[in-house]
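K.L.:
What follows is the residue order along each chain.
Number of protein chains: 4
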Amino acid sequence: MNFASDNIVGASPQVLDAIAAANTGALPSYGGDAITKRVEARFAEIFERDCAVFLVTTGTAANALAISALTPPYAACMTHEESHAIDDECGAPEFFGGGCKLVGVPGVGAKLSAEAIRTCIANEPGGVNHPPLRSLSLSQATECGMIHTLDEIRSIAETAHGHGMAVHMDGARFANALVSLGCTPAEMTWKAGVDCLSFGGTKNGCLMAEAVVFFDLQWAKDFIYRRKRAGQTVSKGRLISAQFDAYFAQDHWLYLARHANAMARALSDGLAALPGFRRAWPTQANEAFIILPGKVASALRSAGAMFHEWTDKSLPAGEAVADNEVLIRLVTSFQTTSEMIEAFLAIARSTSIQAK
Amino acid sequence: MNFASDNIVGASPQVLDAIAAANTGALPSYGGDAITKRVEARFAEIFERDCAVFLVTTGTAANALAISALTPPYAACMTHEESHAIDDECGAPEFFGGGCKLVGVPGVGAKLSAEAIRTCIANEPGGVNHPPLRSLSLSQATECGMIHTLDEIRSIAETAHGHGMAVHMDGARFANALVSLGCTPAEMTWKAGVDCLSFGGTKNGCLMAEAVVFFDLQWAKDFIYRRKRAGQTVSKGRLISAQFDAYFAQDHWLYLARHANAMARALSDGLAALPGFRRAWPTQANEAFIILPGKVASALRSAGAMFHEWTDKSLPAGEAVADNEVLIRLVTSFQTTSEMIEAFLAIARSTSIQAK
Amino acid sequence: MNFASDNIVGASPQVLDAIAAANTGALPSYGGDAITKRVEARFAEIFERDCAVFLVTTGTAANALAISALTPPYAACMTHEESHAIDDECGAPEFFGGGCKLVGVPGVGAKLSAEAIRTCIANEPGGVNHPPLRSLSLSQATECGMIHTLDEIRSIAETAHGHGMAVHMDGARFANALVSLGCTPAEMTWKAGVDCLSFGGTKNGCLMAEAVVFFDLQWAKDFIYRRKRAGQTVSKGRLISAQFDAYFAQDHWLYLARHANAMARALSDGLAALPGFRRAWPTQANEAFIILPGKVASALRSAGAMFHEWTDKSLPAGEAVADNEVLIRLVTSFQTTSEMIEAFLAIARSTSIQAK
Amino acid sequence: MNFASDNIVGASPQVLDAIAAANTGALPSYGGDAITKRVEARFAEIFERDCAVFLVTTGTAANALAISALTPPYAACMTHEESHAIDDECGAPEFFGGGCKLVGVPGVGAKLSAEAIRTCIANEPGGVNHPPLRSLSLSQATECGMIHTLDEIRSIAETAHGHGMAVHMDGARFANALVSLGCTPAEMTWKAGVDCLSFGGTKNGCLMAEAVVFFDLQWAKDFIYRRKRAGQTVSKGRLISAQFDAYFAQDHWLYLARHANAMARALSDGLAALPGFRRAWPTQANEAFIILPGKVASALRSAGAMFHEWTDKSLPAGEAVADNEVLIRLVTSFQTTSEMIEAFLAIARSTSIQAK
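Protein chains in written order, with our numbering: chain A, 261 to 616; chain B, 261 to 616; chain C, 261 to 616; chain D, 261 to 616.
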């Protein structure tokens, strides 16, 4: 009953097999191999347009490199005040960006909105004392497991572009968001105005496979140098490209994401039905955020369940975590089974009754 | 007959199997797993002392992170003028080091020497116009496939320490150097005065496994933050630790390195015996550097052999590459076979005779 | 009636004369001259202890250099969320600090407090995802013209030190704060726990004279290199040292500050007595922050008065700026005269009556 | 007899008077004042075209800011291996440039040449391991007191532009070079292909006045932010602009430079005529580089003369400093008098005879 994160499991069997299959023989290093080239072409197919693809090793590196390409060192990148970039990467965007600033804006469920962006811009004093806003980063899904609709992304991107900001999407859970919306990758990105995407594979069935994808190719200029000097140009590049190769084959990635999302929904629905339990935010991807009695949470932990407590900073207006309650995050993955869900729900149910 | 590099092959079967074996089950992420902990303990055993070990993804990241820990941003790191750090990492040390400088010194076969260090220091004008020298990075083996003896390392480290410089060793080919010297890992590092080591696994049988090892623990303070913000804290850390686990088991790493070195020696000896061929530098690890007639090199290429031409900058005094000659680098790996060597030598022999 | 800032005027006659007097003859450059050495010694006298003094050209450079010396690039500096460092220096601390983060905490009147610091620390999630807090910067006087008492500084510094943070004081208006408290420079700094001070002269009668002063000499190590590579090592250093020379002579600096403070108090008292006017924060140094009817503010502007509107972010609980009101900042300087104050008050009075 | 540098003297009387004259009254700060605007307009007149002018405090800041605007952080700037930027600024260009690299090329008298640039480019291995060359910085006059002719500048700039490099000129001694060539400022800069200029006033009669001038306005975009976050936006901007105001009035700057150059020539001619003395490089601006017997140099020092020994790295082919000789630099300034020259020559003459 480990719901601590979606990075606690290994790779899907298909992805693992692909690593093994790619292991034999001599191949050009540093991404010059045929598998990498095939994968780059696959990205173009999947996104229905020419795009520049750069494989990297971690999500933090993907975000920080992407933001550094969109944001001059003297400028600022706007993002949600709880985004991974601003709050969980130990200053990687500032480091890769040469000292650029991240400007946090509020929003329920860690979602950005055109309105919040406009308010932030209106409050900018202007003048030379503040770094100019040059980019925006939205997370899809968000840190609270929520999804921006296509309309919302469009409206965010339009507002950003209208103020001279390039648009980055942190897609660490891109697949989970995609199948949740039921749209195409193109629709969720460049067709809605996204210039650059951190495309995550690791949380959804790969062992370590991330990519920075540029739809607006002007931003991709010289990115190979940025990646190299960041120590992200992998010598035996096949390790990453082989994973993506299997990830995309026969829509494996969509299958994995659908499964994880379904598990999260089942868990969320089961818990929300219990007395004293409620959702902090709607469960839209592979994470359930639940407010529950503190005693029950402790009992679940005692019974071996693993999960993280979460911040209540972006709760909807009117919602609050009472003193005897806690807000927890439960993350499902491609490996989560109905049995795990059931086991967790069973304990929740019984301790919930006892706790009364 | 691909001798272009030792990163053109995949992982050894043992290493690959370990990745697969580590794939199942839920494990703490970000290096909190038992495999990582076991591997960290193995490093301590192998180096016969407490040391701080940080797994990372690439050799460039290992070097740049290590140098950034040893060198304040306003200071300089001395290294050979042809070292990988100064010449092949696209400015990664300067980037990770916040704009620190690398100062290159000359030396035959890309080797450093106490004398060259002293000369460089003596030529420093002093004063505030020059970044102070605070670290030194030597490569073992060097970019020219040579090995610093234990006496040489000791003398280099002593000189460096005497001038307030911390000592880093770039061990991208650590294992090849180690079995060449026939000493212990401790003897080649901290017992000789090395404070920090980039320990490479990728070139010697791993798919992607590097580590920064601090023997002087003061330098390791806060290094977890440096690694995180560099995008080098791998979420599914087992991917890297499992490789090292197998790498170290039953001296697998030493076996692989001995094989690669033996192959290089066989290749080097075979070639050096041919008329018009000679070694640019002695073959001490898994790379042979050969000066040969340009025509023969072309013929070898036409026959499908792959290798890189190399710079003659660090040739011994009196040695030179004539106009009709080229200097080439031939790298062997744990996968190189006697058959490959023989095939290459056969073509070299026959084209050599024709070329007369 | 220009109350826009204290940097709109030139230098005091004494300071100007000192520049002229220092102009003749050949002197060693880059701070090696006798005037600079004399001034450095004066700092030690004034602060009653050995200290390391580094003259620089701007307050932004002083703050950013000081913070970079106290804060490793992977770490964070805590400061008030409206401090000059976080809000008015276009990212200079992040730039000089190699990408370090600034963490803003709230507080009435832009003041820090031990409690706010403890709350911020308590909310830190810990772990490697957040840069560790390694320094704290408090402004004396604050951006809202308030003064931390000696007890408050002591308590802030103690709390900071207790959590491993070095303490920096932004003293752009150091003299105004000092004469307001009526204490000694030593009492307001190192005796209260301050490790490093940005000592400002420009706003209080110099043309351009700032200094970074280290009381804890360990932080001063290598600072000469930081200053040089920041382009802050002035070749004709006498330009700055001569100003400080005159600034300190016969307590000229204290005289200037007392005058500016008295002018601010007179202005503040005069305005606060008017109907519909009130102080946003107490007037403790050389800045008056007044909430007044918007119409009156407009009338004052029409009459030629110059001042800035200010943010209401750090108002005391219960205080607010109504829709028909504005919050303005009025800054006095050593050159402000009673006549200017009277002229401003006269218009305020008459427009205030008309506005009714 | 202080010939140590041209920054050992103060300002010319005219420049000093201008500082005093500008001191009175309230003026907008941060460069918004009328003097600064007038000076910016003067630059446009002097350079016969629209240009973007940014006043800064030091030559190091001017160079480092300019190079950072022309060179992405992952790229390299080519310059002479003895240029001030690479050798005397403690890594400022690397710091301001976010870790960019400086690539040094050789050349007699610290001059660049199209040929040296082409050789350097031809030796670049290409590929992602080396930062791409994106800018070039030439010094006019050079560190050895030499002047690039207009043809040479044109040819250097053409070669640089042809390889995608923007062209920066370090004009710390711009005026001395200009009057030496007898051309217009436009001819020596943008008409010859220079994109950006560090325009120095400090060494030629100002106390502290430097400017970054962009002729290609695309590079000036956002430069105000770079300057601000570098701590180079002076609050009482009149201090610098007033100096330039007087500097340009009635060709004062050209007068000062002509004087300094004439003094250097007189000194150089007088010394070169002495037995055992010879010029290391031709005296083309305000610096004489003389090779002389070591004993004579010591005697001069004993007699109170001040000067620096210089490196022989860029001597013309065939020239060398013998064991009993030294190479010294003698710098003249606007304040140097014929009496000082005569006094120096007299001692040189007499000690020279004694030394035989």
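If you are wondering where the hints come from, they were derived from the structure by calculation, not from laboratory data.
Beta carbons: idealized from backbone N, C-alpha and C, even for Gly.
There's no promise every hint is true.
Stated by the list, open to error - A few chain D residues that face chain B, going by a derived Cβ cut-off under 8 Å, partial list only:
| # | residue |
| --- | --- |
| 1 | Glu308 |
| 2 | Arg309 |
| 3 | Ala312 |
| 4 | Tyr334 |
| 5 | Gly359 |
| 6 | Cys380 |
| 7 | Glu384 |
| 8 | Asn389 |
| 9 | His390 |
| 10 | Glu599 |
| 11 | Ala603 |
| 12 | Ile607 |
K.L.:
Please go over all the hints and tell whether each is borne out by the structure.
P.N.:
Checked hints:
1. The interface hint given for Glu308(D) is broken, as the beta carbon of that residue sits about 35 Å from the closest beta carbon of chain B, more than 8 Å.
2. The interface hint given for Arg309(D) is broken, as the beta carbon of that residue sits about 34 Å from the closest beta carbon of chain B, more than 8 Å.
3. Restraint check, Ala312(D) versus chain B: the minimum CB separation of about 25 Å is more than 8 Å; hint violated.
4. For Tyr334(D), the interface hint holds, the least distance from its beta-carbon to any beta-carbon of chain B being 6 Å, beneath 8 Å.
5. Below 8 Å, beta-carbon pairs count as interface contacts, and Gly359(D) has one with chain B at about 4 Å; its hint therefore holds.
6. With 8 Å as the threshold, the beta carbon of Cys380(D) stays out of range of chain B, its nearest partner Cβ sitting at about 14 Å, so the hint is violated.
7. Of the supplied interface hints, the one on Glu384(D) is violated, with its beta-carbon coming no nearer than about 11 Å to a beta-carbon of chain B, more than 8 Å.
8. Hint on Asn389(D) holds. Least Cβ distance to chain B is approximately 4 Å, under the 8 Å limit.
9. Contact between His390(D) and chain B, as hinted, is supported at the beta carbon level, the nearest pair being about 6 Å apart and thus within 8 Å.
10. Residue-level restraint check for Glu599(D) is violated (minimum Cβ-Cβ distance to chain B is 31 Å; threshold 8 Å).
11. With its C-beta approaching chain B no nearer than about 28 Å, Ala603(D) sits outside the 8 Å limit, and its interface hint is violated.
12. With a least beta-carbon distance of about 26 Å to chain B, the hint placing Ile607(D) at the interface is violated under the 8 Å criterion.
The structure fails hints 1, 2, 3, 6, 7, 10, 11, 12 (numbered hints given earlier, in ascending order).
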